[in-house]
Amino acid sequence: MATKVSERGGASAPAKRSPFLVELYRSALGKKYVMAITGIIFMGYVLAHMFGNLKLYQSAAEFNAYAEFLGTILYPIAPDGAVLNVLRVMLLGALILHVTAAFQLTQMNRNARPDSYRSKRDFVAADFAARTMRWTGVIVLLFIGYHLADFTFGWVNPAAEGATLYEKVIASFSNPAIAGFYLVANLALGLHLYHGVWSLFQSMGWNNRRFNHWRRYLAVAFTVVVVGGNLSFPIAVQVGLIS
Amino acid sequence: MNLTLRVWRQAGPDAPGRFETYQATDISEHSSFLEMLDNVNEGLIEVGEEPIEFMHDCREGICGTCGIMINGQAHGPAQSTATCQLHMRSFSDGDELVLEPWRASGFPIIKDLVVDRAAFDRIIEEGGYITVDTASAPDANLIPIPKETADFAMDAAACIGCGACVAACPNGAAQLFTAAKIAHLNVLPQGQAERYQRTEGMVDVMEEYFGSCTNMGECEAACPKGISIDFIATMNKDYRKAKSQNRRSS
Ligand code: SF4
Ligand code: FES
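For the protein sequence lines, the chains are G and V, in the order given.
According to the numbering used here, the residues represented by the first sequence are 145 to 387, in order.
According to the numbering used here, the residues represented by the second sequence are 258 to 507, in order.
What the hints contain is simulated information worked out from the structure, not anything from laboratory work.
Be careful, since some hints might not be right.
As the list claims (entries may be wrong) - Short, incomplete list of chain V residues facing chain G, as computed with Cβ under 10 Å:
id, residue
1, V297
2, E299
3, E357
4, G363
5, A376
6, G483
7, I486
8, I489
9, R504
Just so it is clear, the structure is predicted and the values come from calculations on it, not from any experiment.
We put the CB at the ideal spot given by N, CA and C, even for glycine.
Hey, can you work out the whole structure from these sequences and the hints?
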């Protein structure tokens, strides 16, 4: 007899009703929707994040003013910093969902093949990015922790007390080790995005034979723009383009 | 041609397995892969050894019984080809071939290269059918079906249920098989009555036995019938529709 990987009510289970979204989440397909939708949120975020940081190339004053502005969005309609903090909480929530779903799905997949192939697999379609999603995901997660400690909280930032954000960026990226870490983490982000952006269309079932090939193009373009921008910052500091 | 085979031998479901090495000698490059194994087995029987057990039936790529992991690829290196249709000309003289059974917890090993694919039957039982009036045979072509729809359904119906998609999937997921079986009936007018029960039921049973899709596309590459992963996307979209429909009507 085939062993079951998981035991869930299924369609015919007696209905003790939970909210629709909770019920949907119980299925692996539902978890994939969560992966996809939170992924879209992160796509919007990383794109805006990269784009905003291009101000580093304008001037220190512009960049600092931009950072200041983020805290005062919709002020005085909303209290000072309110919008920013709401966005932060939303991103944190999305992150928790994304990681939890990924963890649960990984667990399920491990159970689905506890006894792995003894001979070496010869993959045809599964590319490096697809097969390393779990690892690039973990690298990006660790990086997010460091990145927040570096600039948002300033705990590990090498700049002196009271430095502006611009000075903090320069201080951090002047250190070759930190700059190197940012490069590695962003390459991991690139791999993660390249598979994720394409993959979310599949998971959500957004397909149409006429535009299906565009999903790959979009994944490549999006990855190149975001990661290209992100990589340029530590490199620009290292080569002395901005200081 | 002469080849060295390293074959997974396992006496029973719970017995420990190991690779055994065999020589396949004087094999015609025109023979099929399974004929090559027949050849080796004849040799084994002659010297009083247990022949290698492997799955086969039609030997013409239509029944979905055969299936061996050959050198790390489900159904071997040829594209859109079941193991039984694979010819020895796909290999070269002196090659070493490693043969393993499908490995997935939904496909427990029975013996050697033979696995139990009853989990696929459990999925089919959940909705891989339509309800028809059996009293009198309906006229053929009574229900007009646009050519495009018929083609779409036929592309999905080409699935022979071999399980290579599960075997090839790094996650041991059965998405391609299930999606094909759902799509085949869901697009046709005859499939509408059970549409939402089918979609939810089959996906739920699939998830009880198999892993979850990460969109790697390895299944599509291994599939002897070239079933497209577009069907998986269609299933993913149908599932949430089915969930909400079934909920409303229950
Ligand atoms: S989808 Fe292809 S690989 Fe999977 S069971 Fe059907 S024919 Fe075999
Ligand atoms: S034996 Fe029937 S498909 Fe290969």
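Verification of the supplied hints:
The closest approach between the C-beta of V297 (chain V) and any C-beta of chain G is roughly 18 Å, which is over the 10 Å cut-off, so the hint fails. Taking 10 Å as the C-beta contact cut-off toward chain G, the hint placing E299 (chain V) at the interface is violated, the least distance being around 25 Å. Interface restraint check for E357 (chain V): the shortest CB-CB distance to chain G comes to about 6 Å, inside 10 Å, so the restraint holds. For the restraint placing G363 (chain V) at the interface with chain G, the shortest Cβ-Cβ distance is roughly 5 Å, inside the 10 Å limit, so the hint holds.
This hint holds: A376 (chain V) has a C-beta 4 Å from the nearest C-beta of chain G, less than the 10 Å allowed. Contact between G483 (chain V) and chain G, as hinted, is not supported at the beta carbon level, the nearest pair being about 12 Å apart and thus beyond 10 Å. With a least beta-carbon distance of about 7 Å to chain G, the hint placing I486 (chain V) at the interface is held under the 10 Å criterion. A cut of 10 Å between beta carbons decides the hint on I489 (chain V): the least distance to chain G is about 6 Å, and the hint holds.
For R504 (chain V), the interface hint holds, since its Cβ comes within 10 Å of a Cβ in chain G; the closest pair sits about 6 Å apart.
In summary, the numbered hints that this structure violates are 1, 2, 6.
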